[in-house]
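K.L.:
One-letter residues, chain by chain:
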Amino acid sequence: MSWEMVIGLETHVELSTQSKIFCGCRTDFGAEPNTHVCPVCMALPGALPVFNEKVLTYAAMAGYALNCHVHHVSRFDRKNYFYPDLPKAYQISQFYRPICEHGHLTVQTAAGERKIGITRIHIEEDAGKLVHDEKQGTMLDMNRCGVPLIEIVSEPDIRSAEEAVLYLRKVRAILTYIGVSDCRMNEGSLRCDVNLSIHKAGEPFGTRTEMKNLNSFQSVERAIQAEFERQVAAVEAGEEIVQETRRYDQKTGKTSSMRRKENSADYRYFPDPDLPEVRLTDDEMARIRAAIPALPDERRDSYMNTYGLSAYAAEQLTAERWLAEYFEEAASVAKTPIAVANLMQGEVFALMSARATEAEKQGRTAPEGRESLPIAPKNLAQLADMMADGRVNSSMGKKIVAALFVEDQQPEAYAAAHELFTVGDDTALLAAVSQAMESNPDMVESYRKGKTNVEKALMGKAMAITRGKADAQRLADLLRQALTEE
Amino acid sequence: MRSYAEICRLTVRQLMDALSSGSLTSVEITEGYLASIAAQNGTINAFLEVYEADARNEAAASDARRAEGNPLSPLDGIPIALKDNMLVAGHTCACASRMLQDFVSPYDATVTQRLRAAGMVILGRLNMDEFAMGSSNENSAFGVCRNPWATDRVPGGSSGGAAAAVAAGMVPAALGSDTGGSIRQPASFCGVTGVKPAYGNVSRYGLVAFASSLDQIGPLCKTAEDAALIMGVIAGHDRRDATSDAALPTRFGLDARDDLTGLTIGLPKECFGEGLSMPVYHAVMAAAEALRAMGAKVVDVSIPSLPYALSAYYVLSSAEASSNLARFDGVRYGYRVKEYADLDELYRRSREEGFGLEVKRRIMLGTFALSSGYQDQYYQKAQQARELLRHEFGLALAGCDALLTPVAPTCAYRLGEKTADPMQMYMGDLYTVPANLTGLPCVSVPCGLAEEDGASLPVGMSLTGARESLQTLLSIASAYEQRQKPNAGIHPYDRLLKGVTKA
Numbered sequence: 001m002s003w004e005m006v007i008g009l010e011t012h013v014e015l016s017t018q019s020k021i022f023c024g025c026r027t028d029f030g031a032e033p034n035t036h037v038c039p040v041c042m043a044l045p046g047a048l049p050v051f052n053e054k055v056l057t058y059a060a061m062a063g064y065a066l067n068c069h070v071h072h073v074s075r076f077d078r079k080n081y082f083y084p085d086l087p088k089a090y091q092i093s094q095f096y097r098p099i100c101e102h103g104h105l106t107v108q109t110a111a112g113e114r115k116i117g118i119t120r121i122h123i124e125e126d127a128g129k130l131v132h133d134e135k136q137g138t139m140l141d142m143n144r145c146g147v148p149l150i151e152i153v154s155e156p157d158i159r160s161a162e163e164a165v166l167y168l169r170k171v172r173a174i175l176t177y178i179g180v181s182d183c184r185m186n187e188g189s190l191r192c193d194v195n196l197s198i199h200k201a202g203e204p205f206g207t208r209t210e211m212k213n214l215n216s217f218q219s220v221e222r223a224i225q226a227e228f229e230r231q232v233a234a235v236e237a238g239e240e241i242v243q244e245t246r247r248y249d250q251k252t253g254k255t256s257s258m259r260r261k262e263n264s265a266d267y268r269y270f271p272d273p274d275l276p277e278v279r280l281t282d283d284e285m286a287r288i289r290a291a292i293p294a295l296p297d298e299r300r301d302s303y304m305n306t307y308g309l310s311a312y313a314a315e316q317l318t319a320e321r322w323l324a325e326y327f328e329e330a331a332s333v334a335k336t337p338i339a340v341a342n343l344m345q346g347e348v349f350a351l352m353s354a355r356a357t358e359a360e361k362q363g364r365t366a367p368e369g370r371e372s373l374p375i376a377p378k379n380l381a382q383l384a385d386m387m388a389d390g391r392v393n394s395s396m397g398k399k400i401v402a403a404l405f406v407e408d409q410q411p412e413a414y415a416a417a418h419e420l421f422t423v424g425d426d427t428a429l430l431a432a433v434s435q436a437m438e439s440n441p442d443m444v445e446s447y448r449k450g451k452t453n454v455e456k457a458l459m460g461k462a463m464a465i466t467r468g469k470a471d472a473q474r475l476a477d478l479l480r481q482a483l484t485e486e
Numbered sequence: 487m488r489s490y491a492e493i494c495r496l497t498v499r500q501l502m503d504a505l506s507s508g509s510l511t512s513v514e515i516t517e518g519y520l521a522s523i524a525a526q527n528g529t530i531n532a533f534l535e536v537y538e539a540d541a542r543n544e545a546a547a548s549d550a551r552r553a554e555g556n557p558l559s560p561l562d563g564i565p566i567a568l569k570d571n572m573l574v575a576g577h578t579c580a581c582a583s584r585m586l587q588d589f590v591s592p593y594d595a596t597v598t599q600r601l602r603a604a605g606m607v608i609l610g611r612l613n614m615d616e617f618a619m620g621s622s623n624e625n626s627a628f629g630v631c632r633n634p635w636a637t638d639r640v641p642g643g644s645s646g647g648a649a650a651a652v653a654a655g656m657v658p659a660a661l662g663s664d665t666g667g668s669i670r671q672p673a674s675f676c677g678v679t680g681v682k683p684a685y686g687n688v689s690r691y692g693l694v695a696f697a698s699s700l701d702q703i704g705p706l707c708k709t710a711e712d713a714a715l716i717m718g719v720i721a722g723h724d725r726r727d728a729t730s731d732a733a734l735p736t737r738f739g740l741d742a743r744d745d746l747t748g749l750t751i752g753l754p755k756e757c758f759g760e761g762l763s764m765p766v767y768h769a770v771m772a773a774a775e776a777l778r779a780m781g782a783k784v785v786d787v788s789i790p791s792l793p794y795a796l797s798a799y800y801v802l803s804s805a806e807a808s809s810n811l812a813r814f815d816g817v818r819y820g821y822r823v824k825e826y827a828d829l830d831e832l833y834r835r836s837r838e839e840g841f842g843l844e845v846k847r848r849i850m851l852g853t854f855a856l857s858s859g860y861q862d863q864y865y866q867k868a869q870q871a872r873e874l875l876r877h878e879f880g881l882a883l884a885g886c887d888a889l890l891t892p893v894a895p896t897c898a899y900r901l902g903e904k905t906a907d908p909m910q911m912y913m914g915d916l917y918t919v920p921a922n923l924t925g926l927p928c929v930s931v932p933c934g935l936a937e938e939d940g941a942s943l944p945v946g947m948s949l950t951g952a953r954e955s956l957q958t959l960l961s962i963a964s965a966y967e968q969r970q971k972p973n974a975g976i977h978p979y980d981r982l983l984k985g986v987t988k989a
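Quick mapping for you: the protein sequence lines, in order, are chains A and B. Following my numbering, the numbering of the first sequence begins with 1 at its first residue and continues without gaps. Following my numbering, the numbering of the second sequence begins with 487 at its first residue and continues without gaps.
Treat each hint with caution, since some may be false.
[What the hints assert, rightly or not] Quick look at which bits of chain B chain A covers, simulated, 3 or more residues with Cβ under 8 Å:
(1) 494-506
(2) 586-597
(3) 692-706
(4) 719-730
(5) 807-813
[Stated by the list, open to error] Which bits of chain A does chain B cover? Going by a derived footprint, with three or more residues having C-beta under 8 Å, they are:
(6) 292-300
(7) 343-357
Derived from the structure by calculation, the hints contain no laboratory data. All residues carry an ideal CB built from backbone N, CA and C; glycine is no exception.
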């Protein structure tokens, strides 16, 4: 019997409120260090926290969107530990009475739909950031102190690295849909801790280890694989797995021990006496529920029904809210919505990821969200229709998308200006066929001697004569005719 | 024109009237008190710092406002001083600790803002037990404070400097903080009136936290009437303190009558038994008799869980303190050890050297009470006791307008008498901690002298009432003070202010 991994994820999500959770300071990412601070978030003597009610609304929204039970009453507790990025030496969190419990989400895996339980969602504050500098030593930036977070704790329902990533993508999709977070892993607004153990089917779960602060989908996937392999090797070698926190090293692709459980802190949680209980009335709950837009699963189903998209395509296009909204806008003006979907999933996604890779190489921040797709939806719709009609063929289509990525414009006008429309009339196509055959008599002869696979090469020659613009099907038909005549 | 010694004997009320009639200016009053501080502080050590220049400027500005007919409030120009745990922007706030001796506050506490908005003149910061932990002011890192009535004795604590300064005529009123009796017990030891308001009545924003669920700021004054006037300035909802309660009263106008007919005063029998010194017992019983003579009905009541209050208090206050004081880690501000090998050592040694013995004792107690495996036995049990006390006080107060108890089981003791035995010191908080655990308002009122240990010393009585009842408590206290004049003829002003003259 083979080993199976058992994974639970703790996902930290920064909420996109304008101000911090317990003071009025701004939350913008990337400001000059220690400019968004005040006595409260710097934990000066005498300062007191006052809860930003917007955080409650956002957390409850996340709870509803993740099918949780949202409590009328929740409460803040102090998690006590010393670390220089935590100026109060305690983090205000919700330990005993979290705002949300008992939720779930579903993901589409290769093997079908999987439901993953969510144990709880609680509200807490973020810590500051330590900046290590060779000359000046370690410095503290407190801008992030007090940025509101929710921590989403999953049940140990995840069974593969693939599922873990799908779960995270789904969390991100849902939270960006409801607009409570931008969920940018590169900016740390979505971070993930992985709890992993192994077992064989039917046997109890093994001892789990924890890997903290993984900051990309890729590192989550690789860390899981590496830790799974380590645990299997260890157990098969007769070693015992110890409960501990481990670090995943992106360079070596391995995990290593950080802290054993017996050395772990006793957080001495107790209710924060500075903060009264947090209450949600039935009316407030109803208002929050009503404000939740159509979520990815709902939209996925509707794309499948309305546009005839595959489950896979629909899942991809609903992975982020802006993407779904983009698709919906383009599809609404396209004559052939499915062509829009095909174009997006193919060439558009490829160009987006190429751009991101390029930016990364140059050390720039790649544009995110809607900015990563610099084409107006109506232009993409027009191009998809042009391709669906056969007015431009697929290779010209690719050329046009690439051009629009550089400078957005009407594809119709661009195709006209650069003469990219499909050459479809028989006179022009026959001329190309004849020219190709005349210039390559040896190929024609081979074909006629039975080496019919040279047809492809001749097709390429003929296509090149039309500078790639031919209606490929018609050109192939005419070439075949010409070759088989005589 | 009155002499400085005369000015320093006046109540806030009298100063207010003098300012209003023009018979005194704020500058004269302020100079009088500065002279009193200059003459006495060397002995008493009530002030840790005097803001002479600021005070003179503020007094002059106040007189200018009044001359233009625009005083900020009736109290505009009256001096006041703050315990060293309330923040005043631009000034050190040390909590009488080495840990914060160089900490200069960048912001004003809410109470500071309110005093300023009323035009009051801030004279300086007052000695206290380090981080408000103690009952004798002997835990100050900056020297003991002495009781003006008998300088070989403690002024009480932790607001010892505040009580001593008011008693010695070094300031007409002071703000203290009370977590387990820290306003009321020193008030009692020094023969002044002290108020611990209902929890949430005065903002804690800018008060360096000791135990957040118990801390309250309140006034120490010569009379209950003065305390009512100061409460009128500092009380009220503050959006920067989430525990601030907008439903509590903000005006404390007193009943002029000295007839207490219709009021019922309860004597909790648990407060008059073992541990209470006989002279204090007799003084408080005499006060009960006086209240009865003024028309009040005096009845016996019972708070059966009272014996648990002290243990519950020390567990909860230490638990909260262990967390509240964790921010003093030497990283961003406060005391930092000069040399350290690593982060752990920076934390450990900064705290070891920055905090005094009693503070470290409470941090360790509190850390233990919250630690996993012990939290149920200590912290949770203490919370249950607290709930029980709330319930029982509610029941007792359903039939009474106020509960009368001693403030402390003894009068002021000698310096050093209890420092060797912290348990002995903690026992002295027996009667004061319930008001903090229950969040109820409580007033400490002088009720004469007791002959104790060969000395004649002030005794205080305590009046506790329902959450919104502070005005009633102050009215009873004021009526009592006016009828009984507990300090008349016995207060050592003549001796104390003898040397206070114009320079």
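K.L.:
Determine for every hint whether it applies to the structure shown.
P.N.:
A quick look at each hint next to the structure:
no.: 1; hint: 494-506; verdict: violated (count 0)
no.: 2; hint: 586-597; verdict: holds (count 6)
no.: 3; hint: 692-706; verdict: holds (count 7)
no.: 4; hint: 719-730; verdict: holds (count 5)
no.: 5; hint: 807-813; verdict: holds (count 4)
no.: 6; hint: 292-300; verdict: violated (count 0)
no.: 7; hint: 343-357; verdict: violated (count 0)
Checked against the numbered hints listed earlier, the structure breaks hints 1, 6 and 7; every other hint is satisfied.
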